[in-house]
Amino acid sequence: MDKKIEMAIDDLTLIKRVIQRTRQDFSRISAYFIGIGLLNLAMWLSEETAYMILNLFGYGHPAARVFWWGGRVLLLVGYLLLFIYYYQKVKKKGNEICEGMVKIWMIVLIGIRILGWLYIRLLPSGNDDKITVLWRCQELIEVLPVLFALFMTGILTKRTLITAITAFYSIFYFVLFVSMKEVSYGTWGGVGTRISASRVCIQYLMSLGMILLGIYLWRRREGRLKETDRG
Amino acid sequence: MEINAIPEALQTKLRLAVLSALLTGEKNFRELKGITEATDGNLGAQLKKLEEAGYIAVRKAFVNKKPQTTCTLTEFGRQQFKEYVEMLERLFRQAEEPRD
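Just so you know, the sequences run in chain order A and B. If you count the first sequence from 1, position 214 lands on 214 in my numbering, and the numbers rise without skipping. If you count the second sequence from 1, position 9 lands on 9 in my numbering, and the numbers rise without skipping.
Isolated chain B (complex conformation):
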C-alpha cells in the first residue's frame, strides 16, 4: 500500500477506530459505540461503508427479542489493515532516517 493510494475505507478516524476495535475479536453495535463514542447514525453509516468495501462482516440477529448487530473483521479487512499499519510504520522509519 502506498501513501497516495490509501483505500477510502481507511481514510476516516472513526472507520479506523472500528477496524482497530475489531482486531481483537467480534463486537456488537453497542460495544463499538462505547469504544468510539460515535452517534448511532454516524457509526451505522461507517459500518455500512466498511461492509460494502468488504472489510467487515455484519450479522443481524434477534437476541432476547431485541435486534443485535454484530461485526467481525473479514480476512480481506485484516490484510488491508495490516498493510496500512505497515505503510504507516514505513513512513515513520523514513522520517527517522538521517537525511544527507
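In isolation and in its complexed conformation, chain A is listed as follows:
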C-alpha cells in the first residue's frame, strides 16, 4: 500500500480512537457519585441519631428534630453544590454524556426530595391500615426515579454491569417491599424503632451503592492508546 495512504489510515485511526476515548471517559464524574454517596451516608447517620434520641428521650425532644431536619437540609444543599460544581466542570471539558448524566441525576435527586416532602404534607392524618400503606408507598417516590437514573447511567456509559446490578437490585427491592419485613432502626443505645427493611435497602443503595458506582467508573476508564500511537 502507498506509504501516504498508510499514514492517512494510521492518523485517522488515532484521531478517532482519542476522540472516542475522551467521550467515554467517565472518571471525571466518579467523584460526583462518591459525593452523592457520602452525603447520603451523612444523612443516614443523622437520621439514625434522630431515631436514637426519640427512643431514649421520648418523642418531641428538640435534638431529634435538629438531627432529622439537619440531615435533610444538608442533603439538599449538598446536592445543589455538587450539581453546580460538577456541571461547570463537565461543561468546560465538553463531554456531552457526562453533562447529560449530571443533569439527569440532579433532576432525579432533587425531585425525589421535593416530591417526597410534598407527599408527606398531602397525606391524611390518622393511624389506620390505609394510612400505613400510603406511608410505605412514599418509598417508591424515592426509589423508582433512582432506579430509572441508574438504568440510564448503565445505558449511557455502555456499562452492562451497572444495568445488570440495577436489574438485580430492583427485583430484590420489590421482593423486600411486598414482603413487608421490618427491621430495628436507630438502635444505638439499645432500643430501636421498627421500620421497613426495604427502606433500609434504599439507604444502602443511596450511600454505599453510589460510592461503589463512583469507584467503578473511576477504575473502568477507557483502555490506553497503543504503544505505536505515542510520538
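Derived from the structure by calculation, the hints contain no laboratory data. Even for Gly, the Cβ is constructed at its ideal location relative to N, Cα and C.
Taking lysine-lysine and the DSBU-like style, the derived pairs with C-alpha atoms no more than 35 Å apart in a straight line are:
1. B:Lys-33 - A:Lys-3
2. B:Lys-13 - A:Lys-158
3. A:Lys-91 - A:Lys-103
4. A:Lys-91 - B:Lys-82
5. A:Lys-92 - A:Lys-103
6. A:Lys-92 - B:Lys-33
7. B:Lys-49 - A:Lys-89
8. B:Lys-33 - B:Lys-82
9. B:Lys-13 - B:Lys-60
10. B:Lys-66 - A:Lys-92
11. B:Lys-82 - A:Lys-103
12. A:Lys-3 - B:Lys-82
13. A:Lys-16 - B:Lys-82
14. A:Lys-92 - B:Lys-60
15. B:Lys-49 - A:Lys-92
Simulated restraints on C-beta separations:
16. A:Trp-135 - B:Ala-61: 49 to 57 Å
17. B:Val-58 - A:Leu-81: 26 to 34 Å
18. B:Ala-95 - A:Leu-156: 34 to 42 Å
Chain B: place on chain A using the hints.
Chain B only, in chain A's frame:
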C-alpha cells in the same frame, strides 16, 4: 493543506493525539497524560511546541495550592486540524477511486 506541506506541529503522533483530545474541550496536563500515556517530559515538550506554533493556549494556575496546567485548542489550531483531517480524507478517497 497538501501532503507535501504538512505543518510540523501535526507531524508526530503525540501532538496529533493531544490536538484530538482537545477537540472535545479543554484538558489539564494530568488528563492529557492519562489519554496519551506519554511521559511528563515528552508531553511537556510537545505542548510547548504546539503552544509556540499557536495551536493551543496553555494556562497555568494554582488550584488548591498546586500548580495546574490547562490546555485549550485555539481557533487557528482547530482550523489547521480540520484542514489536516480533510486532507487525510481526500487522500483516502483518491486511493479508493478506480484507476484507468
